[in-house]
Amino acid sequence: MNFIEQFGKYILLIISVFSKPEKRKVYFKEISREMVSVGIGSLGIVCIISVFFGMVSAVQTAAQLLNSFIPKTVIGSITRDTSILEFCPTVTCLVLAGRVGSSISSEIGTMRITEQIDALEIMGINSRGYLILPKIVACVTMFPLLICISMVLAIGGGLLAGVLSHLLTQQEYIQGITNGFIPRYVFIGLGKAFVYGFIISSVCAFQGFYTRGGSLEVGQASTRGLVYSCIAILFFDYVIAQLFL
Amino acid sequence: MIEVKDVFKSFGQKEVLKNISASFSPGTTNLIIGASGSGKTTLLKCMVGLYEVTSGEVLYDQRDFTRLDFKERVPIRKEIGMLFQGAALFDSMTVEDNIIFPLNMFTELSHAEKHDRASFVLERVNLAGTNKLYPAELSGGMKKRVGIARAIAMKPKYLFCDEPNSGLDPKTSIVIDRLIHELTNELNITTIVVTHDMNSVMEIGENIVFIHEGEKWWEGNNKDILDSENKELDEFIFASKFMTALKRKK
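As they're listed, the protein sequences go chains A and B. Start counting the first sequence at 74; every next residue gets the next number (my numbering). Start counting the second sequence at 11; every next residue gets the next number (my numbering).
It cannot be assumed that every hint is accurate.
To be verified - Derived BS3-like pairs: lysine-lysine, alpha-carbon spacing no greater than 27 Å straight-line: (1) B:Lys233 with B:Lys15; (2) A:Lys82 with B:Lys233; (3) A:Lys96 with B:Lys181; (4) B:Lys81 with A:Lys96; (5) B:Lys15 with A:Lys96; (6) B:Lys124 with A:Lys102; (7) B:Lys165 with A:Lys102; (8) A:Lys102 with B:Lys81; (9) A:Lys93 with B:Lys142; (10) B:Lys81 with B:Lys181; (11) B:Lys124 with A:Lys96; (12) B:Lys165 with A:Lys98; (13) A:Lys96 with B:Lys142; (14) B:Lys142 with A:Lys98; (15) B:Lys55 with B:Lys81; (16) B:Lys88 with A:Lys93; (17) B:Lys142 with B:Lys81; (18) A:Lys96 with B:Lys88; (19) A:Lys93 with A:Lys82; (20) B:Lys124 with A:Lys98; (21) B:Lys142 with B:Lys124; (22) B:Lys181 with B:Lys124; (23) B:Lys15 with B:Lys28; (24) B:Lys181 with A:Lys93; (25) B:Lys15 with B:Lys124; (26) A:Lys98 with B:Lys88; (27) A:Lys102 with B:Lys55; (28) B:Lys15 with B:Lys181; (29) B:Lys24 with B:Lys233; (30) B:Lys88 with B:Lys181; (31) B:Lys167 with B:Lys81; (32) B:Lys181 with B:Lys233; (33) B:Lys81 with A:Lys98.
In short, the hints are calculated from the structure, not lab data.
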């Protein structure tokens, strides 16, 4: 019963978020600010984890699959497909849920308990739209871009690990990543990033917006936002895989 | 003028406000006083629409605020300024950005005009030159004054102050009280201050409404409050030895 009530509240919040803005110029400014925060702010962590994804993927594939019957180019193919379809969109977004999502819920939650949201309401501003819409727009636009970068770096990381560990040559790796490449997988990966961006921003904003109490509750809201986002990401990962693969 | 008529407010089974009626005139500093948990902040939040009343009416110059939806309330809300207990300044913005925020949202003023308006109101609250500071760099009293500056930036007709003296030393409290009182007279606005600070009551209480356990028990001004025959009000006022001594002296 509580889940249905919360879900209904979440849907109502999302509907009110997409109502007409009071002043588009102010919203555009906020969206730009959030895009910089989400995009540039997350670039470092995305780059680091992506390179390591690729490296680990290449080394583990080599360890588990390579024998005299399987060509070495398989390392490139498997690193490419696991990176594009799973590692980059899903695992990177799980990490981003920790970085971006918890920041969203704690920022909005703190604004709630310090009456900043009440101040917006009294001014006659749709606080839901003003606070949440720019975050959702920033996440659904910047996550696919970050995942694009992540895909390139993960594949590059695989090449680096493969060549440095003498598992295969550069030519074999490049042959592996170009053989049997299905461009649709890239779009599925980017589609996942779009969906996860929406889930992380909206679920965490919902948790922050309805925070009651003090700093302890802000922390709890942040944790809840992160946990629910991760569960929703994994659920939609399965749904998308089932529908499009 | 703001009128509250037969207002009831319940949270679940708990009735917090019971049949409150009062009117607040322009150019007057109106105080809502009462002990902690008496319902005065709830009444204030009902008046500004942060809580919906269970029944009753809140009229802003004969316009019934309680029957309007969010969009219909916007024109009235533009006429409302509010100072929150913790000032509720936006942490990510400078003092000037905090003040011009409502101007950005609802006016077509040029950047220079908005800057001038921010500087003017900051000067009015004796904080000239603090435009580029962030709320974290301000003291409690300065935050309150920036809160007042933001509240009056849109030239409001109604000003609400929720415990403006909480967390401030007596000297700064008096500065804030006097500032609210001066602005009320200067701009001829209807000001409602929720407080339990007796210094404020004696300093600026031109019209005082005393709330006890969600009900209105007394109404008057700072001249006759010490002589009231109301038992609950007396218990509230004379809880401190200072006020008892003041009455004896009188």
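Right, here's what the structure says about each hint:
1. Only pairs whose Cα atoms come within 27 Å are accepted, and lysine 233 of chain B paired with lysine 15 of chain B is accepted, the gap being roughly 26 Å.
2. The suggested pairing of lysine 82 of chain A with lysine 233 of chain B is violated, with an alpha-carbon distance near 50 Å, which exceeds 27 Å.
3. A C-alpha spacing of about 41 Å is found between lysine 96 of chain A and lysine 181 of chain B, which places the hinted pair above 27 Å, so the restraint is violated.
4. Annotation: proposed proximity of lysine 81 of chain B to lysine 96 of chain A holds, straight-line Cα distance about 14 Å (limit 27 Å).
5. Restraint check: the Cα-Cα separation between lysine 15 of chain B and lysine 96 of chain A comes to about 35 Å, which exceeds 27 Å; the hinted pair is violated.
6. Between lysine 124 of chain B and lysine 102 of chain A the CA atoms are separated by roughly 17 Å; this keeps the pair inside 27 Å, and the hint holds.
7. A threshold of 27 Å between alpha carbons decides the hint, and for lysine 165 of chain B with lysine 102 of chain A the separation of about 25 Å falls inside it, so the pair holds.
8. For the hint pairing lysine 102 of chain A with lysine 81 of chain B, the CA-to-CA distance comes to about 23 Å; that is within 27 Å, so the pair holds.
9. For the hint linking lysine 93 of chain A to lysine 142 of chain B, the alpha-carbon distance of about 31 Å lies beyond 27 Å, and the restraint is violated.
10. For the given pair, lysine 81 of chain B sits about 41 Å from lysine 181 of chain B by alpha-carbon distance, which is inconsistent with the 27 Å threshold.
11. For the suggested pair lysine 124 of chain B and lysine 96 of chain A, the alpha carbons sit about 16 Å apart, so the restraint of at most 27 Å is met.
12. The hinted pair formed by lysine 165 of chain B and lysine 98 of chain A meets the criterion: a straight-line CA distance of about 23 Å does not exceed 27 Å.
13. Between lysine 96 of chain A and lysine 142 of chain B, the direct Cα distance comes to roughly 24 Å. Compliance with the 27 Å bound is thereby established for this hinted pair.
14. At most 27 Å may separate the alpha-carbon atoms for a hinted pair to count; lysine 142 of chain B and lysine 98 of chain A meet this at roughly 22 Å.
15. For a cut-off of 27 Å, the pair hint linking lysine 55 of chain B to lysine 81 of chain B stands: about 18 Å separates their Cα positions.
16. A distance of roughly 18 Å separates the Cα atoms of lysine 88 of chain B and lysine 93 of chain A; the hinted pair therefore holds under the 27 Å criterion.
17. Restraint check for lysine 142 of chain B and lysine 81 of chain B: the C-alpha separation of about 33 Å exceeds 27 Å, so the hint is violated.
18. Distance hint between lysine 96 of chain A and lysine 88 of chain B is fulfilled; the C-alpha atoms sit about 14 Å from each other, no more than 27 Å.
19. For the proposed pair lysine 93 of chain A and lysine 82 of chain A, the alpha carbon gap of about 20 Å is at most 27 Å, so the pair holds.
20. Under the criterion of a C-alpha separation no larger than 27 Å, the hint pairing lysine 124 of chain B with lysine 98 of chain A is consistent with the structure, at around 16 Å.
21. For a cut-off of 27 Å, the pair hint linking lysine 142 of chain B to lysine 124 of chain B stands: about 14 Å separates their Cα positions.
22. Under the criterion of a C-alpha separation no larger than 27 Å, the hint pairing lysine 181 of chain B with lysine 124 of chain B is inconsistent with the structure, at around 32 Å.
23. With a C-alpha separation of about 11 Å, the suggested pair lysine 15 of chain B and lysine 28 of chain B falls inside the 27 Å cut-off, and the hint holds.
24. With a C-alpha separation of about 46 Å, the suggested pair lysine 181 of chain B and lysine 93 of chain A falls outside the 27 Å cut-off, and the hint is violated.
25. At roughly 38 Å between alpha-carbon atoms, lysine 15 of chain B and lysine 124 of chain B are farther apart than 27 Å, so this suggested pair is violated.
26. For a cut-off of 27 Å, the pair hint linking lysine 98 of chain A to lysine 88 of chain B stands: about 19 Å separates their Cα positions.
27. Between lysine 102 of chain A and lysine 55 of chain B the CA atoms are separated by roughly 31 Å; this puts the pair beyond 27 Å, and the hint is violated.
28. At most 27 Å may separate the alpha-carbon atoms for a hinted pair to count; lysine 15 of chain B and lysine 181 of chain B exceed this at roughly 36 Å.
29. Under the criterion of a C-alpha separation no larger than 27 Å, the hint pairing lysine 24 of chain B with lysine 233 of chain B is inconsistent with the structure, at around 35 Å.
30. A hinted pair counts as satisfied when its Cα atoms are at most 27 Å apart, and lysine 88 of chain B with lysine 181 of chain B does not qualify at roughly 32 Å.
31. Distance hint between lysine 167 of chain B and lysine 81 of chain B is fulfilled; the C-alpha atoms sit about 19 Å from each other, no more than 27 Å.
32. At most 27 Å may separate the alpha-carbon atoms for a hinted pair to count; lysine 181 of chain B and lysine 233 of chain B meet this at roughly 22 Å.
33. The straight-line distance between the Cα atoms of lysine 81 of chain B and lysine 98 of chain A is roughly 20 Å, inside the 27 Å bound, and the hint therefore holds.
In this structure, the hints that do not hold are numbers 2, 3, 5, 9, 10, 17, 22, 24, 25, 27, 28, 29 and 30, in rising order.
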